[in-house]
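J.: One letter stands for each residue in the lines below.
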Amino acid sequence: MSKLGQFVKKIRSKNAGPFWITVDIFCGNPHTFNQVCSALKTERIAQLLALQAAAVKRFDIEDLAVIKISFPRHHVQGSRFDRDIHGAQIANLFAELQLDMTDLD
Amino acid sequence: MQTRILVPTGVLGMGFDQAALEAGIKRAPDAICVDGGSTDSGPFYLGTATSKYARSTSKADWRRLMLARQQASVPLIIGSCGTCGADATVDWMYEITCELAEELGQSLIIARLYSEQDLSNLKIAFDTGRITALPAAPDLTAASFTSMSHAVALAGAEQIGAALDSGADIILAGRTTDTATIAALPLKRGAHNGAAWHGAKVAECGAFCSTHPGTGVVLVDFDETGFTIEAMAKEASCTPDSVSAHMLYENVDPFILYEPGGHLDVTAARYQALPRGRVRVEGAIWHPTEHYCVKLEATTIGGYQTSMMAILRDGRYVEKAAHWAESLVSFCHQKIQSSMLLLPQDYSLECRLIGLNAALGDLETSASAGAHEIGVLVMITAKNQETATDISKIINPYLLHHPLSASEDLPTFAFPYSPAHSDRGILHEFALNHVLELESPMAAFRLNISEICVE
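So the protein sequences, as listed, match chains A and B.
Sequential numbering of the first sequence, starting at 1, is according to the working numbering.
Sequential numbering of the second sequence, starting at 1001, is according to the working numbering.
Certain hints may be false.
[Claimed, not checked] Under the rule of at most 30 Å between Cα atoms (straight-line distance), these lysine-lysine pairs were calculated in the BS3-like manner:
#, chain 1, residue 1, chain 2, residue 2
1, A, K14, A, K57
2, B, K1320, A, K3
3, B, K1052, B, K1383
4, A, K14, B, K1052
5, B, K1383, A, K10
6, B, K1059, A, K14
7, B, K1320, B, K1123
8, B, K1234, A, K9
[Stated by the list, open to error] Okay, the calculated bits of chain B under chain A, using three or more residues with CB under 8 Å as the criterion:
#, segment
9, 1037-1043
10, 1082-1093
11, 1205-1215
12, 1249-1258
13, 1420-1431
[Stated by the list, open to error] Pairwise CB distance ranges, derived in the manner of DEER restraints:
#, chain 1, residue 1, chain 2, residue 2, range
14, B, A1367, A, Q52, 22 to 28 Å
15, A, N29, B, A1054, 41 to 47 Å
16, A, A55, B, T1289, 44 to 50 Å
None of these hints come from the bench; they were simulated from the model.
We put the CB at the ideal spot given by N, CA and C, even for glycine.
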């Protein structure tokens, strides 16, 4: 088991308007991109975010070697129970995600 | 016909590289476009119709841009004046512009485009089915409009185009999409419509689409088949990767961008590196919609808040902080409800533990990584400020002394300041993620043209 953040170039998260958060996983090269695409299941992402898999939008962008994940905010930006108004800390959950990437280099 | 747009920075008030701005002016742009706002800093700014950036820094940046405009003799356009683009922040920007015109001795025609919405008109639009929810929109009923504080519609290229038609030297626009100020002139002059919107999206954050985001200034050439973009700072360059990656930024879908009157699809866009750090882009497609819609933003009062802060340093309390906080909150709920005769739905009380889960709450996956102190941020929200403040005064002695068990001496934690509570006032919350259908683009916007004559 390895942490996703150790394998990819960069992971960032940010508001996409006040009602959505979007996560960009920059894999850095096509090889890593293909491996992360298959190791990172959408069900696992949904579990990490405490959402139904159908609520998670996922884009595997081969040209940029980027996996993009967008989801509705649990709390609208700046509302009573929101703890991070820019949504940037979600990236850390992804960076620390333990994945079975035994077949990675 | 080629249209050349200079974008000095992602947002007015953040500063930009003066040498890069001057390099851009030498290239004879057809317009200078800058964004003045965003929802990214939260609902407070629209709720209060105020700017996030200080008047002094905004004025300092604006002075440099007004001088650049005079030198280039082309329109200077700012969208989303004063962060939120409310009427009051358009007027704030107008006041700054008038002061600078006087100081710099510039005679000017100024167009003010107002985007704020009359709430009773919006309610009528809702009642007649002209307001539609976007994905993840908050619940909306006719009653919602009576509790809103401010609402704005996001202007697009048509409304900025109308302001350009007035012959204005400077356009001060209320809430506008990030891209519309940049796309408006190329669209009017016959640029490829997919390229106009795509190039505008890439350039809307200034040099964010380059290798040196902090330098600010980019130049975009739009024509009948595509656009070419380059960064103006000597050390910065644009690459196919830095340009194409910008569609990812703050965007739910990396290929689709919704704008007033249609949507952009960049799935088929091709990015080509050119000499001297430039990138050529073609292939984006604009799909107009049958009904012209603009996006709405609004705020409502979500309550009144008081916050408190304490710090746990005793090792036993640090180790058991989550259990301690749960016990404190449950004890305080009883005290509050019995002594203030409040019901649970009348207020909310949270302890966010800094060092444990303050940023991510229930989503946090890490166990405490051996922190030697824990910050306790207490958030109280009630229906009025007096209630929130009174709740904090009930909590105060327990936040200072709450023990882990009944059979131990009362601990005393650190309060970093006196008083331990801070009244935060109104909690502003976003209340709309909807679109409004319009009969014509200007139906929800107002344009005011005025002239400043300096002797």
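J.: Each hint needs a verdict: does it hold in this structure or not?
T.: Hint check:
no.: 1; hint: K14(A) <-> K57(A); in the structure: 15 Å, holds
no.: 2; hint: K1320(B) <-> K3(A); in the structure: 27 Å, holds
no.: 3; hint: K1052(B) <-> K1383(B); in the structure: 26 Å, holds
no.: 4; hint: K14(A) <-> K1052(B); in the structure: 19 Å, holds
no.: 5; hint: K1383(B) <-> K10(A); in the structure: 43 Å, violated
no.: 6; hint: K1059(B) <-> K14(A); in the structure: 29 Å, holds
no.: 7; hint: K1320(B) <-> K1123(B); in the structure: 51 Å, violated
no.: 8; hint: K1234(B) <-> K9(A); in the structure: 26 Å, holds
no.: 9; hint: 1037-1043; in the structure: holds (count 5)
no.: 10; hint: 1082-1093; in the structure: violated (count 0)
no.: 11; hint: 1205-1215; in the structure: violated (count 0)
no.: 12; hint: 1249-1258; in the structure: holds (count 7)
no.: 13; hint: 1420-1431; in the structure: holds (count 4)
no.: 14; hint: A1367(B) <-> Q52(A): 22 to 28 Å; in the structure: 26 Å, holds
no.: 15; hint: N29(A) <-> A1054(B): 41 to 47 Å; in the structure: 43 Å, holds
no.: 16; hint: A55(A) <-> T1289(B): 44 to 50 Å; in the structure: 26 Å, violated
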